[in-house]
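Novice: Listed here are the chains, written in short residue letters.
There are 2 protein chains.
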Amino acid sequence: MDLSFYDKPACAERRGRLAARLGNRPALIAAGASRPRGTHRGLHPFRAASHFLYLFGLHLEKAVGLWTGEGWQVFLPEPGPDAALWTGPVPGFAELGEILGVSVLATAKLQEALKPGTATLPSPDVETCVEQSTLLGREIRPGKLAAVDEPLADALIELRLVHDRAGIAGLREAAQATTAAHAEGLRAIRTGIRESVVRAAIEAELVARNMTTSFNSIVSVHGEVLHNEDHHFTLADGDLLLVDAGAETAGGWAGDVTRTWPVSGHYSPTQRDLYDVVLSAQTAAIAAIKPGRRYLELQGIAARAIADGLVGLGILRGDPAELVSDGVVALFFPHGVGHLVGLDVHDLDDLGDRATYAPGRTRSTDPGLKALRLDRDLVPGMAVTVEPGCYQVPAILDDPERTRVAKDRLRRDRLAAFRDVRGIRIEDTILVTADGHDNLNAELPKATSAIEAAMRAT
Amino acid sequence: MDLSFYDKPACAERRGRLAARLGNRPALIAAGASRPRGTHRGLHPFRAASHFLYLFGLHLEKAVGLWTGEGWQVFLPEPGPDAALWTGPVPGFAELGEILGVSVLATAKLQEALKPGTATLPSPDVETCVEQSTLLGREIRPGKLAAVDEPLADALIELRLVHDRAGIAGLREAAQATTAAHAEGLRAIRTGIRESVVRAAIEAELVARNMTTSFNSIVSVHGEVLHNEDHHFTLADGDLLLVDAGAETAGGWAGDVTRTWPVSGHYSPTQRDLYDVVLSAQTAAIAAIKPGRRYLELQGIAARAIADGLVGLGILRGDPAELVSDGVVALFFPHGVGHLVGLDVHDLDDLGDRATYAPGRTRSTDPGLKALRLDRDLVPGMAVTVEPGCYQVPAILDDPERTRVAKDRLRRDRLAAFRDVRGIRIEDTILVTADGHDNLNAELPKATSAIEAAMRAT
Chain A
0 MDLSFYDKPA
10 CAERRGRLAA
20 RLGNRPALIA
30 AGASRPRGTH
40 RGLHPFRAAS
50 HFLYLFGLHL
60 EKAVGLWTGE
70 GWQVFLPEPG
80 PDAALWTGPV
90 PGFAELGEIL
100 GVSVLATAKL
110 QEALKPGTAT
120 LPSPDVETCV
130 EQSTLLGREI
140 RPGKLAAVDE
150 PLADALIELR
160 LVHDRAGIAG
170 LREAAQATTA
180 AHAEGLRAIR
190 TGIRESVVRA
200 AIEAELVARN
210 MTTSFNSIVS
220 VHGEVLHNED
230 HHFTLADGDL
240 LLVDAGAETA
250 GGWAGDVTRT
260 WPVSGHYSPT
270 QRDLYDVVLS
280 AQTAAIAAIK
290 PGRRYLELQG
300 IAARAIADGL
310 VGLGILRGDP
320 AELVSDGVVA
330 LFFPHGVGHL
340 VGLDVHDLDD
350 LGDRATYAPG
360 RTRSTDPGLK
370 ALRLDRDLVP
380 GMAVTVEPGC
390 YQVPAILDDP
400 ERTRVAKDRL
410 RRDRLAAFRD
420 VRGIRIEDTI
430 LVTADGHDNL
440 NAELPKATSA
450 IEAAMRAT
Chain B
0 MDLSFYDKPA
10 CAERRGRLAA
20 RLGNRPALIA
30 AGASRPRGTH
40 RGLHPFRAAS
50 HFLYLFGLHL
60 EKAVGLWTGE
70 GWQVFLPEPG
80 PDAALWTGPV
90 PGFAELGEIL
100 GVSVLATAKL
110 QEALKPGTAT
120 LPSPDVETCV
130 EQSTLLGREI
140 RPGKLAAVDE
150 PLADALIELR
160 LVHDRAGIAG
170 LREAAQATTA
180 AHAEGLRAIR
190 TGIRESVVRA
200 AIEAELVARN
210 MTTSFNSIVS
220 VHGEVLHNED
230 HHFTLADGDL
240 LLVDAGAETA
250 GGWAGDVTRT
260 WPVSGHYSPT
270 QRDLYDVVLS
280 AQTAAIAAIK
290 PGRRYLELQG
300 IAARAIADGL
310 VGLGILRGDP
320 AELVSDGVVA
330 LFFPHGVGHL
340 VGLDVHDLDD
350 LGDRATYAPG
360 RTRSTDPGLK
370 ALRLDRDLVP
380 GMAVTVEPGC
390 YQVPAILDDP
400 ERTRVAKDRL
410 RRDRLAAFRD
420 VRGIRIEDTI
430 LVTADGHDNL
440 NAELPKATSA
450 IEAAMRAT
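From first to last, the protein sequence lines are chains A and B.
Going by numbering that gives the first Met the number 0, 10 is the number at position 11 of the first sequence; the sequence numbering is gapless.
Going by numbering that gives the first Met the number 0, 65 is the number at position 66 of the second sequence; the sequence numbering is gapless.
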């Protein structure tokens, strides 16, 4: 059992803080089960659900953590007679109890330990939700909370929004691996190879560190497809390669970085122009990060910088502020400027806007804001991404309905000169600090000149 | 949409053969849904369920193939308004119908197209099983067939047991990639690195080919743990590194190979002795493969070779045939000699022994046979692994209950000399041919001298 990433005091402290918020209200936190790959018996590697991992620190399959209102217990299936043969020696319940600092009991005893009104949070996997439903006698499913679950959700949101010492160390470890992986990807680029070859270089760096990816890597010459998970295209000389990839540490902490590299080693003048627009947006949004800043403002700052840039390049005309507020900029920058990062890459996403929007704030229906995943006031210890982009998406720009808002402010004759730019995004993971912010990926080249120099050096 | 791996005529022929077997009995084949990773919204890459993939050839998420009794139809969710933005342009239903050679309709129309008594097979994921249950008005869950489903299961078993031209091409492609990946792993070995570094070299070769793994790679200096998925140990000079890893092609075909390499580049005399025992068992079992051979016999052939070898080394004494039949050999070789390979690495495993044991045969309770996954008579076009092993598993050898059967035939004083061997397994994927067999991994070094030569050459 690999305990190298386990931080016992941090977990004990987190449980203590959660218990203080819950008081005598019981709560059940499930670790979940392995997900099936090809068949129900061929499984993906197990990774505990993040709420469980936050509180107990270990990937204990099918474990359940229980707050009885008076103390913590962990319930685990009894290992079968051949478990040691197939999956190696596992600590007994007594030894595991020592490791966790919590008494460990057999799952068979869970039902009788449950009190009425026990709160829970839906597991990511439906199989475990079905078991939670049976245990608690009510329907538990992903994305749905009952009233009794809300205080538990809100307490965990409050805790997990602001990372503790161990969490920050995990995020730094993830960021460092992510930076190294991107550097390997950059080194692998050459004309004529498939996208998958660059992906292999990136992910090998993570696997070698005994990590995994925090999400399915995007490594694509079609950066205009925002969640493009294909990797079969061949890199051509004039292409930009958009790489959005991040590490997940053994302890579960996520990294998330995007770079957009020129396959040839040199940006064309048009690519450089648009790249610099996106970089100016990212730089301005990062610069604004400090305690007390409302995250939503970063969206406006980035969008305004893109408006200014596109007007400067003659692609848009008109008043930049109106181009943002009318949703014209959103034709090119149709997604949110970022999200929380933690034990999930879109941290707390399982709890939706309840977690990521401050109480009283709801998601806007504006084209430039509807995809924004986060609107809280920043606090030291929060980690967020900043990831503006600029894309020529045919499904948007060729749609008269979507582009109607632009009227004559979109200069298609001028835009045609930029046809060698399909999609650019630049993203770092940023920690909010007491006096501002700390870019956890600061070492990874980002300016066009720095990227070109790094590519020449390979 | 990557169609490079799609074989339209092969899929059409398979559907035709299945339809001929089903006649007017309707059947529903689900592709399944992406499995959640950390949260229910962060997903593993989608991979269609194998029965669907066999018949339709493409990874169409949430698709359902329907045999109405008269013709084939495919049902798919209507893409949302922003689908092209997030996941790129997808062919419309009409265009996809051309690609598939089957009419494609919206999932909303599936319920009304269903006839009473429609058969199905449980999807690997519970989420899709729940949807199947709703559609068909009865409980569908993994590992469980209703009477109405049995003819469908049996028809697909009959087809998928014997690979067609396209299937064999897919298996060869997977085997070739698997061989190349193992060769990269061997090149990466050096004292002092972590297991994960070797794993990274292996998997990078697969990812670069736009493939994935067909199961979670085992890369372990603790080969005595049969399904060891930890990769955090450091390679030491006297260790053997057991690597069990395989490719899955873009079209879903699996490779599966095990090698056991000496970290130092040289097997110790004791390691060499036991390695040669396992290799002799594997060689003998492979040599026996030909049409008409009962697969169960390979277990006996391999076990007998291990008995002979262990007696020859003085670790066991007594009559080799009795050592096999009494279960003494199973103390060292406690698993089955192999399994089917196809679109799943344990092919047809979702249908259990119904698929992998011939009608009328049931699984033995003998220690040496109870873990055997396959007992059919071999037919040209079948693909199987042959993977004997020899392990010192503390949970077995230190258990007086389990070892009682050996009586004085286990010479522990002699066994003590072999303490630098924790686990050895050697595995290839073998295609049954008209005149015998074809080892799909024949190019990968296997003899100790060949492995040592390959390691010297790196």
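A few of these clues could be false.
All copies of an identical chain are treated as equivalent in the list; a pair is satisfied when it fits inside any one copy or across any two copies.
[To be verified] For lysine-lysine, the following BS3-like pairs were computed, each having C-alpha atoms within a straight-line distance of at most 30 Å:
#	residue 1	residue 2
1	K445	K114
2	K369	K143
3	K108	K143
4	K369	K61
5	K406	K114
6	K289	K114
7	K7	K445
8	K143	K61
If you are wondering where the hints come from, they were derived from the structure by calculation, not from laboratory data.
Novice: Which numbered hints turn out to be false for this structure?
Specialist: Checked against the structure, the hints that fail are numbers 1, 5, 6 and 7, while the rest are satisfied.
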